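Colleague: Protein sequence lines, in the order shown, are assigned to chains A and B. Heads up, the first sequence stops at 92 in our numbering, and the numbers go up one at a time, no gaps. Heads up, the second sequence stops at 276 in our numbering, and the numbers go up one at a time, no gaps.
If you're looking for bench data, these hints aren't it; they were derived computationally from the structure. Any given hint could be a false lead.
[Claimed, not checked] Pairwise CB distance ranges (calculated):
id, chain 1, residue 1, chain 2, residue 2, range
1, A, V25, B, D140, 28 to 36 Å
2, B, E129, A, I54, 23 to 31 Å
3, B, T102, A, E20, 54 to 62 Å
4, B, R168, A, V49, 25 to 33 Å
5, A, I54, B, R189, 49 to 57 Å
6, B, E5, A, S27, 33 to 41 Å
7, A, Q60, B, L249, 45 to 53 Å
[To be verified] Which stretches of chain B does chain A cover? Using the computed rule of at least three CB atoms under 8 Å from a CB of chain A, they are:
id, stretch
8, 157-168
9, 191-202
[Claimed, not checked] If you want the ones that stay clear, here's a sample from chain A, every Cβ over 10 Å from chain B, calculated:
id, residue
10, V25
11, I50
12, S51
13, K55
14, V63
15, Q64
Bear in mind the structure is a predicted one, so any value in this text is a computation, not a measurement. Ideal placement from N, C-alpha and C gives every residue a C-beta, glycine not left out.
Below are the chains, spelled out letter by letter.
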Amino acid sequence: MSLLKFLGLSNRKSAQIARERLQIVVSHQRMEGGDVEFLPKMRNELITVISKYIKIDKDQINVQLLRNGSCSVLELNITLPTPQEQVAKETT
Amino acid sequence: MTKLESKIIVVTSGKGGVGKTTSSAAIGAELALRGHKTVVVDFDIGLRNLDLIMGCERRVIYDFVNVIQGDANLSQTLIKDKRIENLYVLPASQTRDKDALTTEGVEQVLNDLRKEFAFIICDSPAGIERGALMALYFADEAVIVTNPEVSSVRDSDRIIGVLNSRSRKAEQNGELKKHLLITRYMLNRVQRGEMLSIEDVQDILAIPLLGVIPESPSVLNASNNGIPITLDANSDAKRAYQHAVSELLGEKTGALNNKGWTKIFGGLRIFNRSPA
Numbered sequence: 001m002s003l004l005k006f007l008g009l010s011n012r013k014s015a016q017i018a019r020e021r022l023q024i025v026v027s028h029q030r031m032e033g034g035d036v037e038f039l040p041k042m043r044n045e046l047i048t049v050i051s052k053y054i055k056i057d058k059d060q061i062n063v064q065l066l067r068n069g070s071c072s073v074l075e076l077n078i079t080l081p082t083p084q085e086q087v088a089k090e091t092t
Numbered sequence: 001m002t003k004l005e006s007k008i009i010v011v012t013s014g015k016g017g018v019g020k021t022t023s024s025a026a027i028g029a030e031l032a033l034r035g036h037k038t039v040v041v042d043f044d045i046g047l048r049n050l051d052l053i054m055g056c057e058r059r060v061i062y063d064f065v066n067v068i069q070g071d072a073n074l075s076q077t078l079i080k081d082k083r084i085e086n087l088y089v090l091p092a093s094q095t096r097d098k099d100a101l102t103t104e105g106v107e108q109v110l111n112d113l114r115k116e117f118a119f120i121i122c123d124s125p126a127g128i129e130r131g132a133l134m135a136l137y138f139a140d141e142a143v144i145v146t147n148p149e150v151s152s153v154r155d156s157d158r159i160i161g162v163l164n165s166r167s168r169k170a171e172q173n174g175e176l177k178k179h180l181l182i183t184r185y186m187l188n189r190v191q192r193g194e195m196l197s198i199e200d201v202q203d204i205l206a207i208p209l210l211g212v213i214p215e216s217p218s219v220l221n222a223s224n225n226g227i228p229i230t231l232d233a234n235s236d237a238k239r240a241y242q243h244a245v246s247e248l249l250g251e252k253t254g255a256l257n258n259k260g261w262t263k264i265f266g267g268l269r270i271f272n273r274s275p276a
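Chain A extracted, bound-state conformation:
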């Protein structure tokens, strides 16, 4: 108990705990796309298309749908191993 108190955990109000839990669960929910069932499928298709032109690691592609107020942002993050080389290859 004294350790909990020391860490400041025992005095936390339940509303504060609720708020923190919600922030986590909601951010996960939004990142998973939640309502957008096509997201995993689209991710796979994107990997296929991009792989045709650029050699990428499947784990290096990250597709997220983020909500920002009234609009949604589709965020596509691809980490390329050697960027200059790949871009040169793609444009030629």
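Use these hints to put chain B onto chain A, whose structure you have.
Modeller: Frame of chain A, contents of chain B only:
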């Protein structure tokens, strides 16, 4: 004679039991009281309850599905409120056929209602199944009813995502205007740190606040009697709904003369006046 200004407003929440039907009835009745011809449409096929809350359960003859299937026309089906002018109810069917609501059928009924009504309030069922999707699909605006409680806030966030991706407005790259209506709010518990505050809920859901309805015994009393809370005797909840309807109509609203609420609505006013 088409009224271009007619507005379809869906009352939704994701989670059940948070006050969608109570709010639909209260908002619909208040709009009618203020002279706007209003119809409240029950989309909860198989589990209709709006008729009970509005006190017209014994006057249901035909229903929404009958109209869609051509077994009855709208004027036979709409129930006119006996207490006030301008207020009508379109009851849901008790059929268990979940596919009874077709997109084309719902669109046709809503288009017909648009010709006669200034406001069409769609009382959504809980969940994110067909009935809920149909209730929100054609909406111009949405009222998201949320209790200051974790499961309700999470489900509201989910339904906001659905509104942003599955409504016709969203499909046409338009914007569906969303309003947050917090219900069953208990100021004393918030002050003790036992309940999420208005600001907490707003921070998480990130949509403009329409109103805050306090937890109030008058809500159950009104539903027991089949009277929309805004047609019932004066109460804190009634005043809060009146305030919310003023916001919905874009009227300038002042603080309520109720000590606890003055403070809260003071904050609310600042928020609502800031650029969206």
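Colleague: It remains to establish, for every hint, whether it holds in the given structure.
Modeller: Hint check results:
no., hint, verdict
1, A:V25 to B:D140: 28 to 36 Å, "holds (30 Å)"
2, B:E129 to A:I54: 23 to 31 Å, "violated (41 Å)"
3, B:T102 to A:E20: 54 to 62 Å, "violated (43 Å)"
4, B:R168 to A:V49: 25 to 33 Å, "holds (29 Å)"
5, A:I54 to B:R189: 49 to 57 Å, "holds (55 Å)"
6, B:E5 to A:S27: 33 to 41 Å, "holds (38 Å)"
7, A:Q60 to B:L249: 45 to 53 Å, "holds (51 Å)"
8, 157-168, "holds (count 8)"
9, 191-202, "holds (count 7)"
10, V25, "violated (6 Å)"
11, I50, "holds (24 Å)"
12, S51, "holds (27 Å)"
13, K55, "holds (33 Å)"
14, V63, "holds (15 Å)"
15, Q64, "holds (13 Å)"
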